[in-house]
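Sequence lines, in order, name chains E and U. Just so we're aligned, residue 0 is where the first sequence starts under numbering that gives the first Met the number 0, counting upward by one. Just so we're aligned, residue 0 is where the second sequence starts under numbering that gives the first Met the number 0, counting upward by one.
It is worth saying that the hints were derived from the structure and are not from the lab. Every residue gets a Cβ at the ideal spot worked out from N, C-alpha and C, and that includes glycine. Do not take every clue at face value.
What the hints assert, rightly or not - Below are the DSSO-like pairs computed for lysine-lysine, each with C-alpha atoms no more than 27 Å apart in a straight line:
(1) Lys92/E - Lys140/U
(2) Lys119/E - Lys92/E
(3) Lys119/E - Lys140/U
(4) Lys64/U - Lys50/U
(5) Lys92/E - Lys159/U
Stated by the list, open to error - From the structure, some residues in chain U lie toward chain E, with a derived Cβ separation under 7 Å:
(6) Asn62
(7) Tyr128
(8) Glu131
(9) Thr156
(10) His160
(11) Pro179
(12) Phe197
(13) Ile200
(14) Pro221
(15) Tyr231
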Amino acid sequence: MTTSVRDLQERSFGATLRRDAWWIAPALTALVLGGFGVYATWAAWVNRFYEWGPYLSPFYSPLIQTTWWPLSPAFLILIFPGAFRVTCYYYRKAYYRAFFLDPVACAVGEPRHGYKGESKFPFILQNLHRYAMYAAVVFIFILSYDVFLATRWPVNGVLSDGTMAAGPREFGVGIGTLVMAVNVILLSCYTFGCHSLRHLIGGNVDCFSCVRGGRARFETWRGVSALNRHHMLFAWCSLFSVALTDVYIRLCAMGVIHDVRLF
Amino acid sequence: MTLFRVFRGTRDGGGLHDYQVAATEGMVVLDAVHAIQAEQAPDLAVRWNCKAGKCGSCSAEINGKPKLMCMTRMSDYAPDETITVTPMRAFPVIKDLVTDVSWNYEVNRRIPEFKPRKPDAADGTWRMYQFEVERPQEFRKCIECFLCQDVCHVLRTHEKHEQFMGPAMLVRAAVYEMHPLDEADRRDYLRHEGGIGFCNITKCCTEVCPESITITDNAIIPLKERVVDANYDPLAALWRKVTGKAP
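Put together the whole structure using the sequences plus the hints.
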């Protein structure tokens, strides 16, 4: 049979000469990212069980109590870290492959024609990633403060409804404190390995010896680059840690599990 | 014996032809193609040179994946597995496994050239440090195999050769753009003629690079960020307007 080389290769969605299980990675990505999206939306929507004792869920931090916003305050909060992840260079790869199938895997046929990439609306807005990063850095400080607050336990204990008894506070650490701390560490590794931060911190400099503080900028850039090399790992780990922190505090607040005070 | 299915034909048409090859220890796919050429199909066209993964000549697609034939071991495949070898899809076929990659060199010529600053010393020489030149040195490992161009879906599937320079040429631009002595500003070129906005960061180029150049993270994304500096950052634009200097 006579055919062109292009006809031998991918001309339609999913067509390829590849024989490996190329579909597993995008399918898993779609499953996990989609699952997180559904859980985060539900957890934000219910507007209950987000704090127990000195613990506060990252979905509801900082704690906003307002009357002008008709929905759960979590939506006001999640828009910022959500924007950071949606415009993140790693997640772009993940969801362009898993959801937009653009391409679903390397050297595999795509379902659509008329590709514009990130040169036109809406994906041209990905270029604003650095602004989402600024907000994400602020959230690292907010969540770090939450970890500090999670070490301030009421001397008179936590009441049965999960609120803290009135009176003085003392230093203490529970399992939840550690869960929140690990979450902040993973989020920090993800946020401070951001490609945009890497650029702004020193990636935009060509001649480090020509600028003021060049050596310091280079060393900082190198530190951010070290985190950046594992950006995918931290992107996933921090995604799981955020969800698991919320799940832990939620289960404590619902009375399903009991937090253990370590000291 | 291993069954090989090799594309035979020109840009006007062709098809996969079957060949049986006796696989021996240490054999790479290029050896098998040479065996076919020597014993069964003397007119089989294949481009090769160093057989050491350094000249970038023997690029092809093996079981649908862009690879160097000389660096792909037969032992990577099951003994009874059929091995399909086709030419790079992103470029026009000349004959059999040989493609016309001259488009890459035309794009390369259009990249704004290296423009060093004035010499640092009276004798016309410059001073720079190893730590600041290491970044562009990574890109100098490029052997111009063009596998990254081949796997890039913007070129491969959407055929945007007129609008997008491709990852290999973005790496080439990064060599100059990030050099400590260079003073040229390529951001406008990258945005418009280079079409950097077409890249959607799917990292296939990085996955296939035989030199393990971190194409996406170290070349393309930093260039995208430089284009953002010049075109999409409202605060940077305001700063430039007020101070007359880049932030």
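Outcome of the hint check:
As the CA atoms of Lys92/E and Lys140/U are separated by approximately 25 Å, the hinted pair is consistent with the 27 Å bound. With a CA separation close to 17 Å, the supplied pair Lys119/E and Lys92/E stays within the 27 Å bound. For the suggested pair Lys119/E and Lys140/U, the alpha carbons sit about 33 Å apart, so the restraint of at most 27 Å is broken. At roughly 19 Å between alpha-carbon atoms, Lys64/U and Lys50/U fall within 27 Å of each other, so this suggested pair holds.
Proposed proximity of Lys92/E and Lys159/U is supported: the alpha carbons are some 19 Å apart, at most 27 Å. Restraint check, Asn62/U versus chain E: the minimum CB separation of about 5 Å is within 7 Å; hint holds. Below 7 Å, beta-carbon pairs count as interface contacts, and Tyr128/U has one with chain E at about 5 Å; its hint therefore holds. Contact between Glu131/U and chain E, as hinted, is supported at the beta carbon level, the nearest pair being about 5 Å apart and thus within 7 Å.
At its closest, the beta carbon of Thr156/U sits 5 Å from a beta carbon of chain E; the interface hint therefore holds under the 7 Å criterion. With 7 Å as the threshold, the beta carbon of His160/U stays out of range of chain E, its nearest partner Cβ sitting at about 13 Å, so the hint is violated. The restraint placing Pro179/U at the interface with chain E holds, with a minimum CB-CB distance near 4 Å, inside the 7 Å limit. The criterion of a C-beta within 7 Å of any C-beta in chain E is met by Phe197/U, whose closest approach is roughly 4 Å, and the hint holds.
The closest approach between the C-beta of Ile200/U and any C-beta of chain E is roughly 5 Å, which is under the 7 Å cut-off, so the hint is satisfied. Hint on Pro221/U holds. Least Cβ distance to chain E is approximately 5 Å, under the 7 Å limit. Interface hint status for Tyr231/U: upheld, as the beta-carbon distance to the closest one in chain E is roughly 4 Å, under 7 Å.
In this structure, the earlier hints numbered 3 and 10 are contradicted, and the remaining ones agree with it.
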